[in-house]
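In case you want the letters, here they are:
Protein chains: 2
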Amino acid sequence: MVKQERALRTRDTLIRSAAEIFDREGFAVASLTAISTLAGVSNGALHHHFVSKAALTDAVEEAALARLLVVTDAVLPLGASRMQLLVDVTHRLAGALRGDVVLRAGFELSGEVSRPPHADLREWWRRWVEETLKQADSEGELRPEVTAPDVVSAVVAATVGFEVMGVREAEWLSADTVTRFWRLLLPTVVPAALLADLDAEGTCPL
Amino acid sequence: MVKQERALRTRDTLIRSAAEIFDREGFAVASLTAISTLAGVSNGALHHHFVSKAALTDAVEEAALARLLVVTDAVLPLGASRMQLLVDVTHRLAGALRGDVVLRAGFELSGEVSRPPHADLREWWRRWVEETLKQADSEGELRPEVTAPDVVSAVVAATVGFEVMGVREAEWLSADTVTRFWRLLLPTVVPAALLADLDAEGTCPL
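Quick mapping for you: the protein sequence lines, in order, are chains W and E. In terms of the numbering used here, the first sequence opens at residue -16 and continues consecutively. In terms of the numbering used here, the second sequence opens at residue -16 and continues consecutively.
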């Protein structure tokens, strides 16, 4: 039992170390030796857990996806609109990308052309935004002249842009950047009556 | 003279071939052999032009920057607003990214963590957007409650998002995607009087 716990902990450490090396040096040039060194384990121990760099990378993406699901699986507070949920979750996502190297590495792997994505996080994110906006639309939270796909592409492009620019400059993932984006977008997206109830700063700060 | 012309042409072919291999396989794993093979020249000829992969990559970025400057150096038509210029140039940029592998590779190199950027195209683009919006602001083209930096971050994040998502799916760089983004953004950014004059589809289609 203790041995199994230790094995799980080593596996987690390896995933986190891989994410850190990917984030710092880039996935394609990251070496397994750099990863095992950072994790403080032998190359043999790494290969015991992951047969190849591909297997380890898939595990990083899976761990990142699990974290994305924690971000998006927010419970809609009683009486809150779908649009407020969307605003809140984009704030949570930006905060998580700032602080969580595994989530960040997972998103970066989405754009890596040297391997096919195993769990494409940007695509998962796009689908969640699409689903949420469809619900918002069916609940009358979008202006009649706006269609859900219009808003999906603006929100997904901007958030992916924040993520990509945030790799070099953390300010792009600040709560302030996300708030300013929503202040520009919300007035053309939601009816005036709903606008007054929405908080562009988000209602559940991290 | 003929010899010099041929040398210049070979250099251009190598830059274009490098961009194609970077775009297809990723910069970090791209081999000089794959590039010289695609260019139809020997490894020796490649090394005659570029002493290293780093030198060739710098040349790709420089060529991409020259193309970005062609996109942004649009002449403001008589009577046109700065905001219309911004809309038009984002359309031109999306069109150029769809069709020009060198420009696309240059933008992708901006996000490459395994090397410091030589000419960071995303940063160049951010500066051009910032400069244009400052001018728009000083000419009274922004609503009083909106500040230029708010619009800069929304426009830069969305366009970088289109570029990044466009690597996997060209639809993100379509004129339709760009038009729909501006239709959502413009009403909160410019005064009502100017809005009627602006064309979200752009006034000079490629």
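FYI, nobody ran anything at the bench for these hints, they're computed from the structure. Cβ atoms here follow ideal geometry from the backbone N, Cα and C, with glycine treated the same way. Hints are supplied without guarantee of correctness; some may be wrong.
Residues from chain W that face chain E, not an exhaustive set, calculated with beta carbons under 7 Å [as the list claims (entries may be wrong)]: (1) Glu8; (2) Val12; (3) Leu15; (4) Val135; (5) Ala137; (6) Val143; (7) Gly144; (8) Gly149; (9) Arg163; (10) Thr171.
Hints, one by one, checked against the model:
For the restraint placing Glu8/W at the interface with chain E, the shortest Cβ-Cβ distance is roughly 6 Å, inside the 7 Å limit, so the hint holds. With 7 Å as the threshold, the beta carbon of Val12/W comes within range of chain E, its nearest partner Cβ sitting at about 5 Å, so the hint holds. Residue-level restraint check for Leu15/W is violated (minimum Cβ-Cβ distance to chain E is 15 Å; threshold 7 Å). A hinted interface residue such as Val135/W counts as satisfied when its beta carbon comes closer than 7 Å to some beta carbon of chain E; here the least separation is about 10 Å, so the hint is violated.
Nearest Cβ of chain E to the Cβ of Ala137/W: about 5 Å, under the 7 Å cut. The hint holds. For Val143/W, the suggested interface contact is upheld, since its CB lies about 4 Å from the closest CB of chain E, less than 7 Å. Because the closest C-beta pair between Gly144/W and chain E is about 3 Å apart, less than 7 Å, the hint holds. This hint is violated: Gly149/W has a C-beta 10 Å from the nearest C-beta of chain E, more than the 7 Å allowed.
Interface hint at Arg163/W: satisfied, since its Cβ lies 5 Å from the closest Cβ of chain E, which is below the 7 Å cut-off. The interface hint given for Thr171/W holds, since its Cβ lies 5 Å from the closest Cβ of chain E, which is under the 7 Å cut-off.
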